[in-house]
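The opening position of the sequence shown corresponds to residue 1 in the working numbering, with each subsequent residue numbered one higher.
Simulated from the structure, these hints should not be mistaken for lab results.
Note that this is a predicted model, so its numbers are computed, not measured.
Built from N, CA and C at the ideal position, the CB exists for glycine as well.
One thing to keep in mind: the hints can contain errors.
To be verified - Here are the computed distance ranges between Cβ atoms for each label pair: (1) Ile19 with Ser701: 39 to 47 Å; (2) Ile273 with Val452: 35 to 43 Å; (3) Leu449 with Leu306: 48 to 56 Å; (4) Trp33 with Ala88: 53 to 61 Å.
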Amino acid sequence: MLKSLAALYYRLTLERRWITGALLLALAVGAVWFAQDFRLDASADSLILENDEDLRYYREIAKRYGAQESVVVAYTPQGDLFSDEVLARIKALRDELEALEPVSAVTSLLDVPLLDSPRMTLSEVQDGTRTLLDPQTDRALARKEFANSPLYKNLLTDPAGETTGMLVLLKTDEQARELLTRREDLREKAYRETLSAPEQAELERVSAAYREISGAQQDRQQQTIAQIREVIRRHEDKASIVLGGLPMIASDMIDFVRADIRLFSVLVGGFLILLLALAFRQLRWVALPVSICVAVSVVMLGQLGLMHWPVTVVSSNFTSLTLIITLSLVVHLVVRYRELQGEKPQASSAELVRETIRSKLAPSIFTAATTMVSFGSLIIADIRPVIDFGQMMVWSVVWAFVLTFVMFPWLLAGSKPKDGGAGNSDVSARITQGFALSIRKAGGTVLALYAVLIVVAVAGIARLGVENRFIDYFKDSTEIYQGMVLIDKKLGGTTPLEVILDAPPSFFEEDEDEVDEFAADFADDFADDFADEYASDDTGITASSYWYNSFALHDAKQIHAYLESLPETGKVLSMATTMELITLLNHGDAPDDFTLSIMHGRLPPTIKEQLFDPYMSEDGNQLRFSIRVIDSDQNLRRDALLKKIRKDLIEQFDLKPEQIHLAGALVLYNNVLQSLFESQILTLSAVFGAIVLMLWFLFRSPRLALIGVLPTVFAASMILGLMGWLNIPLDIMTITIAAITIGIGVDNTIHYTHRFQDEIHAGVERWQAMINTHGSVGRAIYLTSVIVTLGFSILALSNFVPIVLFGLFTGLAMLLALIANLTLLPLLLVKLGPKA
1 MLKSLAALYY RLTLERRWIT GALLLALAVG AVWFAQDFRL DASADSLILE
51 NDEDLRYYRE IAKRYGAQES VVVAYTPQGD LFSDEVLARI KALRDELEAL
101 EPVSAVTSLL DVPLLDSPRM TLSEVQDGTR TLLDPQTDRA LARKEFANSP
151 LYKNLLTDPA GETTGMLVLL KTDEQARELL TRREDLREKA YRETLSAPEQ
201 AELERVSAAY REISGAQQDR QQQTIAQIRE VIRRHEDKAS IVLGGLPMIA
251 SDMIDFVRAD IRLFSVLVGG FLILLLALAF RQLRWVALPV SICVAVSVVM
301 LGQLGLMHWP VTVVSSNFTS LTLIITLSLV VHLVVRYREL QGEKPQASSA
351 ELVRETIRSK LAPSIFTAAT TMVSFGSLII ADIRPVIDFG QMMVWSVVWA
401 FVLTFVMFPW LLAGSKPKDG GAGNSDVSAR ITQGFALSIR KAGGTVLALY
451 AVLIVVAVAG IARLGVENRF IDYFKDSTEI YQGMVLIDKK LGGTTPLEVI
501 LDAPPSFFEE DEDEVDEFAA DFADDFADDF ADEYASDDTG ITASSYWYNS
551 FALHDAKQIH AYLESLPETG KVLSMATTME LITLLNHGDA PDDFTLSIMH
601 GRLPPTIKEQ LFDPYMSEDG NQLRFSIRVI DSDQNLRRDA LLKKIRKDLI
651 EQFDLKPEQI HLAGALVLYN NVLQSLFESQ ILTLSAVFGA IVLMLWFLFR
701 SPRLALIGVL PTVFAASMIL GLMGWLNIPL DIMTITIAAI TIGIGVDNTI
751 HYTHRFQDEI HAGVERWQAM INTHGSVGRA IYLTSVIVTL GFSILALSNF
801 VPIVLFGLFT GLAMLLALIA NLTLLPLLLV KLGPKA
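Input sequences plus hints: build the corresponding full structure.
Laid out in structure tokens, this is it:
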């Protein structure tokens, strides 16, 4: 069977090349066709956990309290913020933004009701409110109100009155929202039980429809951000204006990803060509690897479009990795071909190809398999972009292997071998032989040094964490960074966090008849019109509401003060904010229950929309505290902050655990980071175990399997340990370094050990076998590792800091793996390896 397959393989690649050429052409055409559906994604949904209960709860809360996508325009004028000239410019900017078709509304300091400029009463508010530009408004009092108002300070203006913020609300695509809701409902059901055939078909249909509409929505959002920036540019001559908000961040991150893909593809490609030219000094050994790399990249782009796998910031370097992995396979074949050419100068190209394939097929199969296992470990991350990245790279390895072993013989078949086989006088040969001689002289010292380094690495790994600031993901030259810093410092923080408090479960278990009796008794004490208004108004708040009474609202005020006192929090808004304003309107007296009932029924709808709807449910049994966390705070520790809030609410305010819900972007991203740590760091041992078993199967020796994995363990441990000592936290990018180091690093181990075994089986003495292996496979390992290291280093040019760190640390890991494969591995093979 195997002989028949081998005969067919050689017949298609070496003899009937036109058949293989036709198949390759068809594959290329299909790939180009499907590549049209290739897309990028940097939405908030691309950085969340799959099946996250907190995500489902957050979406329910967002729907209940009317959350809407928005961006913030931070405006710092030249001159006095409250002067007529500056206010006129703010009005012009607001009007231009509001005139944009995708914008639903703009809220600025010109639009909000002023209650203390001069002070109004409850009865006056019922007749209407004033705004900043009304003739009756006292400008000096308005300045004080914006600086001191519990609602407006650190939200619409900074305390110094130098900067103001405009909230630009974007229109919601209702069709996309409905599709998303239905898709998540079906996914949740599938997560808990088996879907019926019609439900499964509906899930596929809804998912496809949402994928299509969300792609178009993302394009529109980018256009919207571009339009907003164009409006802002027309006003920058008289003010410093910074744009912030999640839609802007998503738009810019797409631009980063697109720029990174282009830059990395061009620079890495050009760099690889240069290195190949320097290494081999022949056009054919540059053109052949480049042709195979381009073919693999094109096929992968087509598959991404076919499978609807969007490229995110996590996977934006997939082109570079694909080129590197493919080139690693090709270089080992080229080096072996040239080595055989030097040994058999009279052999034909077909003979050289056959012998090259025969000697390199088995180790290449296992290098591809171990690389796939390493990248496959990312699939269990439960984070969609990391899952997609793992799947992409598994398929990249598959295509790299298949096309390398198809195109290498196909391109060389029929050509005549040229002079210039492998020699022993080039730089790579001198370097690898230098390693061989050094470790033979000082083997004991080298092993002792590795033991010390491993101890240091393990100590560093113990310091690893995942706590990091989102702002640190961006260079300080980007508008994202500048906007987050300005909004953090002057406008109350950037990262949303919500604390939701329910009525205790016991409250809902009370006898409804008792509640109705209480309402009836209360109605007898007051005039019928007031009682009716209290018992049931148009929002559903009744006398039986848990939170809407003076006693419960007093507790809410204390909770608000606690949340506001935390050093990591900025602006906090809640019903306590509302009660402060109502106390102001009530001549400085805190409202009692009767006043609360009258007021809630008679306040104008616009005031209710601003003061009640965002902070209390319709039935009055749930409170919402809206918090902005200062992401630029050097001491921010998300997970610790969330645990502290939950613990303190239980212990200090006697709340039940089931009453407390934490939601918002901060919670969702913290879940991502914690999941990364648990799913990846803790599963590396399983990955190593799988690779050990594969090496055992390949080398038929458990001892060689354990020896073979040690250089990669060393490289991965050193990188993780270095990150720990440098206090660099793991994130969505750096968490993948260990898997990639294992996947690529063990490839060279396999090639080296396989050749060392061949030398031993040929009867060569161990030290001489090591020297011979350094002079043959060692040169291929050196060339591929240098190419990989320098290729990864190019990622440092990215605007996204995690990719910068990923490139630098992965490049360093490859360098350490190279050193370990040329020092530690041969020493262990000589001392503990197989005998002749």
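Going through the hints against the structure:
At about 40 Å, the CB distance of Ile19 to Ser701 agrees with the hint of 39 to 47 Å. Taking the beta carbon of each, Ile273 and Val452 are about 40 Å apart, inside 35 to 43 Å as hinted. Distance hint check for Leu449 and Leu306: the Cβ-Cβ separation is about 49 Å, which falls inside the suggested range of 48 to 56 Å. Checking the proposed 53 to 61 Å range against Trp33 and Ala88 shows it holds: the Cβ atoms sit about 55 Å from each other.
Violated hints for the displayed structure: none, as all numbered hints are satisfied.
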